[in-house]
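Asker: As a plain string of letters, each chain reads:
There are 2 protein chains.
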Amino acid sequence: MRKRIITISREFASGGHTIAKMVADRLGVAFYDNKLITEVAKSSGLSEDFIKEHEEYASHSNSFLFQLAMSTAGTLGYPSVYQRLYEAQTHVIEDIADKEPCVIVGRCADYILRDRADCLHVFIHADMDHRVAHILEHYGQTEKTPEQRLKDKDNRRRNYYRFHTDREWGVCTNYHMALDSGLLGEELCAQLIIRAIEDTAKKS
Amino acid sequence: MRKRIITISREFASGGHTIAKMVADRLGVAFYDNKLITEVAKSSGLSEDFIKEHEEYASHSNSFLFQLAMSTAGTLGYPSVYQRLYEAQTHVIEDIADKEPCVIVGRCADYILRDRADCLHVFIHADMDHRVAHILEHYGQTEKTPEQRLKDKDNRRRNYYRFHTDREWGVCTNYHMALDSGLLGEELCAQLIIRAIEDTAKKS
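In the order they appear, the protein sequences are chains A and B. Using the working numbering, the letters of the first sequence correspond one by one to residues 1 to 204. Using the working numbering, the letters of the second sequence correspond one by one to residues 1 to 204.
Just chain A, with the same shape it has in the complex (with noise of 0.2 Å):
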């Protein structure tokens, strides 16, 4: 079946963000990213503040501790907001999938839209030299590491992810490709990409 929508899953700093603007440009269709934290803030009520530190990123790097806190958070009713944000980063997703042809960046998007035939799902990945040298250059250098940071962001996004969804994240087979950006580059990465929507277009 014929490719509408493209999800790219990616490591912080492995330029998923980059790449998959490029595929949206040349092909012509909507990206979200940013974009979408404008639509969950609208469908949700919650400020656009919260819903970035909290969309894609567990609140502790250790799994053991982000469980316990979810489940204190539940006796003293915290859980509807984290719950609320994800009901309507779902709903929000659902929605753009069966509006428009479009690339969707991370928010389990590629487990949310898993039983959709029309969707290429992508993870793009890199080495952690090419991953410190692209912190650095984007956004500088903090107390911690750019090894620490990287490893921290790694795993809040890994705990969401297994928290959300009955999956580990960055399995190949929940995905149709999954690329080394370090390796093969941004520019490689996009063309391979477009090239597995042109081809699985003819096909269908």
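Any given hint could turn out to be false.
Since the list gives no way to pick out one identical chain from another, each pair is judged satisfied if it fits inside one copy or across any two copies.
In silico lysine-lysine, DSSO-like type, Cα no more than 27 Å apart, as pairs [claimed, not checked]: (1) K203 <-> K35; (2) K21 <-> K35; (3) K21 <-> K203; (4) K42 <-> K99; (5) K21 <-> K202; (6) K52 <-> K203; (7) K99 <-> K202; (8) K99 <-> K35.
Just so you know, these hints were derived from the structure itself, not from any lab.
Take the given structure of chain A and dock chain B to it, following the hints.
Answerer: Same frame as chain A, but now just chain B:
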């Protein structure tokens, strides 16, 4: 750096062997799948039948039973034969990689050659429907359902990989490309791999 060696890891019945052969033929390089068994037999003195049975599969699909079997075998002096097989396989793969450009299928080659900069590591997988059709076409019916056979093979390969490496099998970050041959088709998978080889060669 120019990629001289391509390792192709694959789920059973995903068409990974066929894709690997197509890539080797089109690039005009050596192809190591069954040929590797002959080389390992020469190197280790073990029979080809024994190697075929144990070279990529744990003796149990259950991880705990396999670990138990290996530790029990240790006390009985058995590990030497499994260890000899794995060590012979490792040396053969390292020798091949030193000797000539080639495509190597399975056998933890992605892990054994992980520190070489001249390798492209690929993982091929496919959804259950495609693999069931493949197993029935190539191996026919048996008493077990195709789904049971595939699950058993996957588990044995996963346990074997986990035992001999410090990694999990089928995790995106172990490979430069992971492709769903069920969706993309064998022909396109081969083309995408060749495209990656050609493009990285231009950059080197």
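Asker: It remains to establish, for every hint, whether it holds in the given structure.
Answerer: Now the hints, each set against the structure:
Taking CA atoms no more than 27 Å apart as the test, K203 paired with K35 passes in neither setting, with 32 Å inside one copy and 35 Å between copies. In this homomeric assembly, K21 and K35 come within 27 Å of each other (Cα to Cα) only inside a single copy, at 12 Å, whereas the closest approach across copies is 44 Å. In this assembly of identical chains, the alpha carbons of K21 and K203 lie at most 27 Å apart whether taken from the same copy (25 Å) or from different copies (23 Å). Within a single copy, K42 and K99 get their C-alpha atoms as close as 17 Å, which meets the 27 Å cut-off; across copies the closest is 61 Å, which misses it.
Taking the shortest Cα distances, K21 and K202 sit within 27 Å of each other both inside one copy (23 Å) and across copies (24 Å). Within a single copy, K52 and K203 get their C-alpha atoms no closer than 39 Å, and across copies no closer than 37 Å, so neither meets the 27 Å cut-off. In this assembly of identical chains, the alpha carbons of K99 and K202 lie at most 27 Å apart only when taken from the same copy (22 Å versus 40 Å across copies). Taking identical chains as interchangeable, the C-alpha atoms of K99 and K35 lie at most 27 Å apart only when both belong to the same chain, with a minimum of 15 Å there against 52 Å between chains.
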